[in-house]
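Take these sequences, add in the hints, and give me the full structure.
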Amino acid sequence: MSEKADQIFILLKDWLVSFLPAGWQHVAGVLLCVVMIVAVYPGLFALAVLLERKGLGRMQNRLGPNRVGPFGLFQPIADGIKSLTKEDIVPLRADKVVHFLAPVMLVVAVFMGFAVLPMGRNMVLVDLDASLLFFFAMGASTEISIFMAGWSSRNKYSLLGAMRAVAQMISYEVPLLLSSVAIVMMTGSLSLVKIVEAQNQYTWGLPHWYVFTPWGFAGFVIFVIASMAETNRSPFDLPEGESELVAGYFTEYSGFKFALFFLGEYVGMFGISGLGVTLFLGGWSSPLAVLNVVPSWMWFFSKVMVWICFFIWVRGTLPRLRQDQLMNFAWKFVLPLTLLNLVVAAVWRFMGEGWLRWVVCSAVLIVVYAGAGLSEMRRKKFGPRSYRYAE
Amino acid sequence: MSVAFWLIAALTVAGALAAVLLKNLVHCALAVTAAFLGLALMFLELDAQFAGFAQILVYIGAVAILVVFAILLTRGSETPEKEIGVFSRTWLAGLIVAAAVFAVLGWAVLQSAAGLPHEAAVPAVSVQQIGQALMGQYVLPLEIVALLLTAATIGAVIVAMHEKGDAQ
Amino acid sequence: MLGEGILRGLAETARNFAGSYFSKERLTTVEYPEERIPTIEAARVFPFLVYDGPDWEAGMRCVACQICEKECPPKCIYIEKSKDKKPDYTGKPQIYPARFDIDVSVCMSCQICVEVCPFEAIKMDTVFELSTDDRFGGLLQDRKELAKSNEYYHKIHPTEAAEVDARLAEEKAKSEAKAKAAAEAAAAKAAAAAASPAPAATEVKPTQPVIPPKPAGGGE
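Protein chains in written order, with my numbering: chain A, 1 to 391; chain B, 1001 to 1168; chain C, 2001 to 2220.
By construction, these hints were calculated from the structure, which means they are not laboratory data. Every residue gets a Cβ at the ideal spot worked out from N, C-alpha and C, and that includes glycine. Don't take every hint at face value.
To be verified - No more than 25 Å apart at the CA atoms, straight line, and that leaves these computed lysine to aspartate or glutamate pairs for DMTMM-like:
(1) A:K82 <-> C:E2031
(2) A:K54 <-> C:E2035
(3) A:K332 <-> C:E2004
(4) A:K194 <-> B:D1047
(5) C:K2075 <-> C:D2125
(6) A:K332 <-> B:E1045
(7) A:K194 <-> B:E1143
(8) C:K2144 <-> C:D2084
(9) A:K54 <-> C:E2034
(10) C:K2024 <-> A:E52
(11) A:K54 <-> C:E2031
(12) C:K2189 <-> C:D2165
(13) A:K54 <-> C:E2012
(14) A:K54 <-> C:D2125
Stated by the list, open to error - Estimated spans, in silico, between C-beta atoms of each pair:
(15) A:S375 <-> B:I1158: 38 to 48 Å
(16) B:A1160 <-> A:V97: 52 to 62 Å
(17) B:A1099 <-> A:M351: 58 to 68 Å
Rendered as C-alpha cells:
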C-alpha cells in the first residue's frame, strides 16, 4: 500500500500514457512530467509568497494579508490578477528586444534546473550522469538574464543593481560549487540520483544524511549561505533592495514581466532548496527508517518547504548586508572555510571507519571557524557603544 | 547529420555572424553568448555531457559576464545615435576577417582529419575517466593552468590597487 | 563573529512568531474598522458644544460671547448672536448663539477655544471619523450637530467632566449664597428703612448675581 502511494505519480503517468500508441508513449510521458513540473512549482510559488507575507507579518508583530479569502488564502490570486492587468510600460529608449528577453531567459533557466532533481523514488525527469553539473550550469545562466534586465532598461540605477547582483552571484557561486564538491567526493558520482541513494541507508534507525557528518554540516551551512546569496535573498538582497535602488535591476519592469521576474526568483529559490535537500538532507529519504510508510515525494516537498520557511525566518531576522561587507564575507571567510571543508572531507575519507575521524574532523572545523571568527572580531576593534543624546 | 545538428549549427553560425556584424557592442556580446550556447548543444549532441555542461557553466556563466563587464567598463557601450540600422558600418571588414579565420581553421581541421583513425563508434567518456586523466596523465598541464590563473588574479589585484593609489 | 548573535536574533523572531498566536503584546495589530483602539482620555479632535439637561437648545451653556471666535487661530468658528434671551444655568437670562458653525477642514485641534471659554460651553470631542464626500457642506458642522449632552462629555472625559461639574456647582452655590445674603441684607435694609420714616425709601432691587470669574486655564 505504501509502495503504491510512493509511486502514485509514476503509476498515474503510466496509466495515462497507455492510452496512446506505443511510439508516442515515451515522448508523451516526458511531456506529461514537464507539464506537471510547470504546474506544481508555480502553485508552490503562490503558497510560498503567501507564507512569506503571513510569516514575516507574524514575526514583525502584525498580521499578514487577511482580507482576501479566509486567512488571506486567495491573496496570490489577487496578486496574479493585478500583475496581469497592469499596463506593461517599456521605457522609450530601452532596448526592446533585450528588455523582453530578460525575464524569459530567467524563467527558462530556473525551470530547466528542475529536470534533474529527484523528487521521489524513481521520480526524476532526466537521469543524467552529470546532473549536478547541469544544475549549476543552469544556475549560472541566470546571471546573464539579470545583466540583460539591468542594462536594457537604460537606467543608471538598474545597471548599478544589475552589476551588484552579478558580482554577488559570481562571488557566491564558488563556495556553492565547492561545498557540493565535497559531496561528490564522498559519493563518487555527479549524478543526483546516486547521491540520494547513497544517503538512503540507515544505521540504528538514523539515516546516513550528509548533514549529520562534520564536513557535511559545515558544507550545509556554507551551502545555505551561498544559496541565499545566489537567489538575491535577504540578507543579501542589496541588488534588489527596496529601500536602496527602488527595485534594482527590475525597476523598469511592470505588469506581467515583473511577475515573471518574481516567479523566477522564487522558483529559483525552490530549485536551489531542492538541490540542497538532495545533496545534504537526503533528498526523498525519510528521517527515520520506521517512517518509510510516508511517500518519498511527501518527504522531499516537506523538506523543501522547511528550507523555504528557514529562508523566510532569516529574512525576518537579519539586516541587509552592504555590498562590500557581502564581498568581504564571501572571499575572506566563506571561501577559505569551503576549501578547508574539502580537505576535511578528504581526511574523513582516508581515515577509515571509527570514532576517531569524527573527533578529528569536528575539532579541525570548529577550531578554524572559531579562530577565523574571533580574529575577524579582533581586527574590527569593536569598542563599547557610545551614545550621544540631544540636550 | 540529423535535424538536431543542422538546427544547432544554424544557431551557432547565426550567433557568431551577429557577433561580428551588429552595431551595438552589448548586442554583439549577447550574440556571442548564443554562439557559446550553440557550441554547448553541439557537445551535448555528441554525448560529451561533461564538456557541454562545463561549456555552459564556464562560458555562459563566467566568460560572457566578463566580456560584458569589459565592454561596460570601457566606453564601448555608447552607441552613435546618428546611425540607423542594425548592422555596424564596418560589417564588410568584419565579415572578411571572420571568413579568413574560418578558412585557416577549416584547412587545418581537414588536414588533420585525414590522419584521424576511422572509428564508427565513439567511446563514451565518463566524468570519472576525465577526472582520472586530469589527475594522472595531464596533471602537469592542470597545475600550469592553475599557476596561470593565480598569476592573472594577482595581476588584476595589483592593477586595481595601483588605480586606488593613483586616485589617492 | 561566531554567529551567536544571528542565533539569538533567530530565537527572538521565532518567539515573536509563536507568541503572536497567543499574547496580545506580540500581535499589536488592531483590525480597523472592525475593531478600534479605545481613545485615551486626553485625546482631542474637534470641538463640541455641551448642553445640560434633555433639551439641547434650552440647556446649551454657550452664551455667544464670541471669545472663542476671536481667539481661534485659523478662524474656523462663526457665531451669530440671537436677538432674544434665555435663562442660563444660574437662572439669569443670557443671549444664545443663533448660529454656531465650525469648519472641520480648518480646525487644527489646538484646543484654544476650550481654554478661553469662560462658561465651560465648548469642549473637545474624540470622534475622528468625520470624513465625508461632500466637500463643502459636509465639513461644516452647525449648532445642532455640535451640541452634545453633558452625559456624553462625562463618557468621553470622565475626570474632566467631573471637575467641570464640581466647579460649576460650586459657583452656582456661591452665587446662590451671595444672592441669599444680598436678599437678606436688602430685606434687613428694607425692614430698617420701613422702621425708620425715610422719605425716599426706594426698594433696592436685589443685586444681580455676579458673573462667575474666568476659570483658570489649567482646569480643563
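For each hint, the structure was consulted:
1. A:K82 <-> C:E2031: holds, 24 Å
2. A:K54 <-> C:E2035: Measuring from Cα to Cα gives roughly 20 Å; hence the hint holds.
3. A:K332 <-> C:E2004: Holds, at roughly 20 Å.
4. A:K194 <-> B:D1047: At roughly 20 Å apart (the allowed maximum being 25 Å), B:D1047 and A:K194 satisfy the hint.
5. C:K2075 <-> C:D2125: holds, 19 Å
6. A:K332 <-> B:E1045: It is violated: about 40 Å lies between the C-alpha atoms, which goes past 25 Å.
7. A:K194 <-> B:E1143: Violated: A:K194 and B:E1143 sit about 30 Å apart, past 25 Å.
8. C:K2144 <-> C:D2084: The hint holds at about 18 Å.
9. A:K54 <-> C:E2034: holds, 20 Å
10. C:K2024 <-> A:E52: holds, 22 Å
11. A:K54 <-> C:E2031: With Cα atoms ~15 Å apart, A:K54 and C:E2031 stay inside 25 Å; holds.
12. C:K2189 <-> C:D2165: Cα-Cα ~35 Å, so violated.
13. A:K54 <-> C:E2012: Holds, at roughly 17 Å.
14. A:K54 <-> C:D2125: This hinted pair is violated, its Cα atoms lying about 37 Å apart.
15. A:S375 <-> B:I1158: 38 to 48 Å: The hint (38 to 48 Å, Cβ to Cβ) is violated, given that A:S375 and B:I1158 are roughly 25 Å apart.
16. B:A1160 <-> A:V97: 52 to 62 Å: violated, 34 Å
17. B:A1099 <-> A:M351: 58 to 68 Å: At 60 Å between Cβs, range holds.
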